[in-house]
Amino acid sequence: MIHPPDEHGDLLRRALRAEADAVVPSPDGLEIIRARIERRGVRNLFWWRAGAAAASAVLVAGTIVMVVPELRSQVINEGPAQVVDDESTLRVPSNSSTTRSQQPPPPVPTTGPTSGPNPAVVPPETRSPSPGRPVRTADSTSRPTPGRPVASTSCPSAAEQAEARDDCPTLSPTPTSTETDPTLRPSGCPAEECPPDDATVGTPDIATPLLDTGGTTP
Amino acid sequence: MGAVPVEWDADMAVTALYSAHFRALVRLAVLLVRDIATAEEVVQDAFVAIHGAWRRLRDPDKALAYLRQSVVNRSRSVLRHRAVVEKYAPKGLPDAPSAENGAIGELERSAVIEALRALPTRQREALVLRYYGDLSEAEIAHAMGISKGAVKSHTARGMAALRSVLEKMS
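Chains as they are written, first to last, in the numbering used here: chain A, 1 to 218; chain B, 1 to 170.
Heads up, a few of these hints could be off.
[Claimed, not checked] Taking CB as the label site, the calculated pair distances span:
| # | chain 1 | residue 1 | chain 2 | residue 2 | range |
| --- | --- | --- | --- | --- | --- |
| 1 | B | A65 | A | A50 | 33 to 41 Å |
| 2 | B | A10 | A | M66 | 37 to 45 Å |
| 3 | A | N44 | B | P120 | 32 to 40 Å |
| 4 | A | G41 | B | S147 | 36 to 44 Å |
Treat the hints as calculated values from the structure; they're not laboratory data. None of these values were measured; they are calculated from a predicted model. Glycine residues also receive a C-beta, built at the ideal position from the N, C-alpha and C atoms.
Make a model of the complete structure from these sequences and hints.
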């Protein structure tokens with residue numbers, strides 16, 4: 001068992017040596033190696049210099065920013081301000097619990113004139129009209145734009161709401177507006193009878209939250 | 001063999017190692033990469049690498065082992081690159097010049113070399129390091145970066161693949 005591999009090994013060894021002995025390397029190998037070493041050293045030196053230059057530039061810029069009080073205040077103020085904004089926007093939805101899509105409305109009531117956002121803010125009222133809305137909207141659009149001057153109740157209600165809002169801006173308008181707003185939407189100012197001023201003023205603000213709430217309820 | 005005084009700097013060590021081992025390493029590389037020019041380049045790269053790593057080389061006695069391992073690794077990468085090149089631009093590689101008339105006939109030797117070149121890379125490395133470099137299994141394992149068991153396995157498989165050709169020679 002051992003002999004055959006050794007025989008083959010000897011044959012292979014002789015063949016390899018014969019093949020390798022035929023190879024004569026070039027005599028200038030050492031010079032080539034030294035040239036490569038020098039080139040490598042120059043290349044390394046270049047990269048060291050480049051790295052040192054970049055690091056020193058960054059260091060100088062950092063010291064300038066930190067030394068000059070105006071620049072430092074700008075840098076310090078810019079960073080946290082954005083972070084606070086992001087966190088506040090993120091916290092509000094998380095605290096509003098169930099309805100995520102209605103999160104945009106809550107900030108609006110604080111800022112806006114309480115017309116559009118309020119109905120979207122109050123969850124129970126939006127829910128109660130929401131099941132009735134799709135039917136009413138379908139009916140209102142299809143049937144009775146002419147026949148439903150019943151919408152006339154909505155149009156004056158809108159006007160009254162606007163007035164009422166002007167009168168009572170704080171607590172009562174929020175629930176009342178939510179109830180009246182859905183009626184306004186389906187009537188959707190198809191009502192030609194509606195006073196243009198109030199309707200035009202009320203509709204654009206109301207339209208977007210209605211679309212939002214209608215989209216969120218399903 | 002590969003011992004170099006510790007106090008030598010990198011230039012002196014490279015010069016001494018070159019005069020002692022450059023030829024043998026080029027021949028080893030030729031058997032691995034099948035091309036003299038590429039083999040010389042591989043060995044030159046290994047010398048440049050050991051020049052850069054000379055300060056980190058704690059044991060100068062291992063300079064030859066470092067060079068040999070570097071040659072094996074670089075030959076492997078050359079073959080890998082060559083395989084990719086041949087895959088997309090297939091061309092016949094120039095054969096290494098074989099001008100030698102020894103105990104073995106030219107045809108038989110060339111047949112063995114061709115069969116050796118047809119082996120997988122690891123098997124060829126194991127056979128060349130063992131039967132040309134006369135290295136032990138531990139040295140082969142260190143040079144190839146594998147275990148002794150893997151060295152045995154590659155050697156046995158390579159010899160089994162070459163057996164038919166070698167039997168014709170015997």
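How the hints compare with the structure:
Under the hint 33 to 41 Å, the C-beta atoms of A65 (chain B) and A50 (chain A), about 35 Å apart, fit the expected range. A C-beta distance of roughly 43 Å is found between A10 (chain B) and M66 (chain A), which places it inside the suggested range of 37 to 45 Å. Distance hint for N44 (chain A) and P120 (chain B): a CB-CB separation of about 37 Å, consistent with the stated range 32 to 40 Å. Between G41 (chain A) and S147 (chain B) the C-beta distance comes to about 37 Å, which sits within the given range of 36 to 44 Å.
Checked against the numbered hints above, the structure breaks none of them.
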